[in-house]
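K.L.:
Sequence:
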Amino acid sequence: MKPTRLPVLLSLLCMAASQPVQARINNIILVHGAFTDRFRLAGSDRPFADPGYRVTAVQNPLTSLKDDVAATERVIDRQQGEVVLVGHSWAGAVIAQAGNNPKVKKLVFLSALAPGSGESVTSLLTRLNAPMADMRPDNNGLIWLDDPDAYQRTMANDLPLKRVKLLTATQQPIAANAFSEKVKHAAWREKPSWYLITEDDRALSPGVQQQLAGAMNATVLRIKSSHMSMISHPDAVSQFIERATQTDAKETKK
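Using mature numbering (1 follows the signal peptide of the UniProt record, and there is no 0), the letters of the sequence shown map in sequence onto residues -23 to -1, 1 to 231.
A hint or two may mislead.
What the hints assert, rightly or not - Think about it this way: if two alpha-carbon atoms lie no more than 25 Å apart in a straight line, the pair counts; the simulated BS3-like pairs of lysine-lysine are:
id: 1; residue 1: LYS80; residue 2: LYS161
id: 2; residue 1: LYS80; residue 2: LYS159
id: 3; residue 1: LYS80; residue 2: LYS43
id: 4; residue 1: LYS201; residue 2: LYS142
id: 5; residue 1: LYS139; residue 2: LYS201
id: 6; residue 1: LYS80; residue 2: LYS168
id: 7; residue 1: LYS139; residue 2: LYS43
id: 8; residue 1: LYS201; residue 2: LYS43
id: 9; residue 1: LYS168; residue 2: LYS43
For the record, the hints were derived by calculation from the structure and aren't laboratory data.
Model the full assembly from the supplied sequences, consistent with the hints where possible.
P.N.:
Put into C-alpha cells, the structure is as follows:
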C-alpha cells in the first residue's frame, strides 16, 4: 500500500466506526390469546420468510395466568440470545409477567391487555371503565366463544363467515378465574414496548387500547382491523413486529 493512501484508509475506518449500528433480534415468540390457538396467531407468516428469524408460537393452556406464563417461560428459556415477545389480546397479561425474563428485550402488544404491577385483567378493565362483555363460564369454569355469528361479531368482523367457522371450530376456551389473577410485576414498565391498535375492534375498544399504549409509552401503529389483525392484516402485523426487532439495541425505556 502506498504511504499516501494510509490517511484516507484511516479516515474511512473512523467514519465507519462512527456510524450507528442497528442490531436485529432474531428470536420472535408469539403468544396467543383467548378463543384461539398458536396456529391462528402464527397465521402472519412474513417473519418466517426470512431465514434469519427464529419464530416460535407458544401453545397456552388458558387454564390460568400462572400456567400461561409458565408455558411462555419454557419457550423463552429455549431461545439462544435475545427475544422479542409478542402477545395478542389476553396474552398481553401473559407477556407483561413473562417479559421480566432477562432474555426478553422488547415487548409487542397486538390489541392486547396490559395490566400493571399488582393488577388483574378484571381490575384493569374496571379501572378503565371497560367491563368485559357478558361471557359466562360453563359448569367447568370455562368461557367459550364457539358460536360463529358471535365470534364474527365480536372478534373477526372483517373476516368471512367461512373463515370464522374454522376459528370457532379450533378455538380454545379460557378459565374464567384467569382474569382475576394479578400480574406481579409488569415488564412493560421497564422494557421498550410496541402497541398495535386495531381501530375496528369490537372486543377491546380502540380507546382502551390507546390508554394502554399511552401508559407504557409505546411505539404505536394504528390499522383498520378487527381484533384478529394477524389473520385479516398479516403483512401489517408482521412488518410491525419486524420494526421492533430492528430497533437500535441501545434503546432503553423512556
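K.L.:
Hint by hint, say whether it matches the structure.
P.N.:
Structure-based check of each hint:
For a cut-off of 25 Å, the pair hint linking LYS80 to LYS161 stands: about 18 Å separates their Cα positions. Between LYS80 and LYS159 the alpha-carbon distance is near 22 Å, which keeps this suggested pair within the 25 Å criterion. As the CA atoms of LYS80 and LYS43 are separated by approximately 19 Å, the hinted pair is consistent with the 25 Å bound. Straight-line distance between C-alpha atoms of LYS201 and LYS142 comes to about 22 Å, which keeps the hinted pair within the 25 Å bound.
For the hint linking LYS139 to LYS201, the alpha-carbon distance of about 21 Å falls within 25 Å, and the restraint holds. Taking the CA atoms of LYS80 and LYS168, the gap is about 11 Å. The hint holds against a cut of 25 Å. The suggested pairing of LYS139 with LYS43 is violated, with an alpha-carbon distance near 34 Å, which exceeds 25 Å. The suggested pairing of LYS201 with LYS43 is violated, with an alpha-carbon distance near 33 Å, which exceeds 25 Å.
For a cut-off of 25 Å, the pair hint linking LYS168 to LYS43 stands: about 21 Å separates their Cα positions.
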